Amino acid sequence: MNISLLSSNTFQIQINQKLPKIELNFAQTEQIKQDENTDRFGRKIEYYDYYAGSYGDINIVQKYETKTHTKEEALDEFIARQTKSILDGALYNSTFGVSDIKGISEVREHTATIEDFEYPTFDSGYFFHNNYYQYGKIPQEYYLNSYANSNLIDTKFGKAELFLDLAGDNDRLGVGSFSSNSQLFRFDSDGNGFVDKNDTYFDKLKIRAYDKDGNEIIKKLSEVVDSINLKDFIDSKSNALKKLEAQKDNYGTIEAYENSLQSLKDYNPYSIFKPEVRYESMNENDINELSKLADEDGWIDINSNSGAFNGLLGIAYAKQGVDGNYRLEELSSYPHTTNFGFNNVFDTTTKEYYWRDSDKNSYQNQQYTRFMNLYNDYMSELKNRDDYINEFDDETKAKYQNVKSSVMLSIEREFSSATGLNFTLENLQKVKDSFEKDRANTANMLKDTDALTAIRINKNGTFTLKFNSGREIIVNELYKDSGKAFDIELNLNAKFATQIELNQDIDLVVSAAKIQDKITGQIEIKSLKDLGVEIIKKLSNNKFALQTKDGKTIIIDQIYTRFMPNNQNDINLIDDKDKFYPKPLRIWV
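Heads up, the sequence shown is in my numbering, so the first residue is 1 and it goes up one at a time.
Don't read these hints as lab results, they were simulated from the structure. Source: prediction; values computed, not measured. Mixed in with the good hints there might be a few duds.
Unchecked claim - The calculated DSS-like cross-link candidates involving lysine-lysine, where the alpha carbons are at most 25 Å apart (straight line), are:
(1) LYS243 / LYS265
(2) LYS484 / LYS137
(3) LYS204 / LYS71
(4) LYS156 / LYS243
(5) LYS243 / LYS197
(6) LYS552 / LYS537
(7) LYS480 / LYS495
(8) LYS197 / LYS237
(9) LYS265 / LYS197
(10) LYS197 / LYS212
(11) LYS514 / LYS526
(12) LYS480 / LYS137
(13) LYS274 / LYS231
(14) LYS526 / LYS480
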């Protein structure tokens, strides 16, 4: 079995030799039945079990009909599968569940009602397609520059190749190499546009380079860079359009080309990052434009204004999570297609989404049911995995203790998407405890799974948001998509902190504000420390007054958290013995 030959689309046992198609007659069939380990020529064969390859139950992976692998070999298969899944952005179905558990090999359409689900269950919707769960978007290919399409990353020591090493054995299985730097977008687990120590797999990323004598060098990525700015891989809109134009003759019809051209013009490559690094507060002009769409009762109907609003609206509001921190919730006229967005139904006649259940408590009950399915599925998988490796000695247990099935990986990503929290067992339990304490409030803390139907601008300056589930909420402020991504992040907690908390807790070094230069008129981002801020005051209009040491007062809309730039030393200052050199050419004699 050569694991390095694994396809990106399937996970199969590879055999050493492709056999010609055999037209079996009765005698040959009898011969094979007598000795199922050899073909009609006496050659040894290994059978491929469809469910082992496609659904990856660990028990089936370990036993392939007449071929039984050791538990270590089966777990290596899981590591290989997990590595390929993470790099390719598609979690191919695998589970530590026992073979007789119904579900993962019987992926079903989302047509059942919530009451049809029992838990624990493996059919609660973590895989949206028959064979895999997609995640980790990469910007549209025309927006990827040459650096993104290269497989050499820049470091302070020189260029190096990236690979993912989940097992800590320098990729013994040979499946972890990056095909291009663009795969790094899948490692920005917190969505801030940087791959750094705060991301899930940062400590599992390694580089392979060479010294001046051609000797291989293996280091952790964290040893050669502090972070990687993913915006360095995104090309300009003008360059993206030029690339498309160069392919014009391949479109067949002018209509097809023009449709692709318009789609590319409308596309925002930064939309893959979280809203806190893309959104800004709506200003007075924005709100005035929004109010022009209101009816005589003051409501702005989303469906009636489909020309102004289409899908993801480019509007967001601040929502408090289970951990007490605030995050931006992007408003949408259609529900998120996730495990949590189950109760919405699309009416093909009205072209609208409606909420399936008329029960006034259905929203909170759905959020609770969805979460409990997620919780129980994960805990079941965790128990099955631990039971599977329990017979190993301590050293072997340590090697495989972090092996996860794709069910576990997809649940972890679904949890983070729904809650805004990094996945940990502690956070998983925290959300469960929160539901048990206050189901309605916790349900509203999770990602909105109903569709926005209307907005009203209230006389006191607040906004009422109405959803198709019947929910109505009032928010103090709305935010708009800037169409780009910044090297700063909205500090939403500052808006909701008391003035005492604000001045006690805020870090002036990393906190920043957007300031307009009086001479050039350009907007600059400056840290509050550099501005000489001594006191921060909250104003009644949701703005802040910064009082500086020299007695000045600066009025700002938002306080941001600044991402500190890499401390990358000039390569010319690096000693020759530490520099990376091109991979040596192999000369065949």
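Hints, one by one, checked against the model:
Pair hint LYS243 plus LYS265 holds up; C-alpha atoms about 12 Å apart against a cutoff of 25 Å. A C-alpha spacing of about 16 Å is found between LYS484 and LYS137, which places the hinted pair at or below 25 Å, so the restraint holds. For a cut-off of 25 Å, the pair hint linking LYS204 to LYS71 stands: about 23 Å separates their Cα positions. Of the pairs offered as hints, the one joining LYS156 and LYS243 is violated, with about 31 Å between alpha carbons and a cut-off of 25 Å exceeded.
Restraint check for LYS243 and LYS197: the C-alpha separation of about 34 Å exceeds 25 Å, so the hint is violated. The hinted pair formed by LYS552 and LYS537 meets the criterion: a straight-line CA distance of about 13 Å does not exceed 25 Å. With a C-alpha separation of about 16 Å, the suggested pair LYS480 and LYS495 falls inside the 25 Å cut-off, and the hint holds. Taking the CA atoms of LYS197 and LYS237, the gap is near 30 Å; set against the 25 Å cutoff, the hint is violated.
Annotation: proposed proximity of LYS265 to LYS197 is violated, straight-line Cα distance about 34 Å (limit 25 Å). At most 25 Å may separate the alpha-carbon atoms for a hinted pair to count; LYS197 and LYS212 exceed this at roughly 29 Å. Simply put, LYS514 and LYS526 have alpha-carbon atoms about 7 Å apart, close enough for the 25 Å limit, and the pair holds. About 22 Å separates the Cα atoms of LYS480 and LYS137, which keeps this hinted pair within 25 Å; it holds.
Of the supplied pair hints, the one linking LYS274 and LYS231 holds, its CA atoms being roughly 13 Å apart against a limit of 25 Å. For the suggested pair LYS526 and LYS480, the alpha carbons sit about 22 Å apart, so the restraint of at most 25 Å is met.
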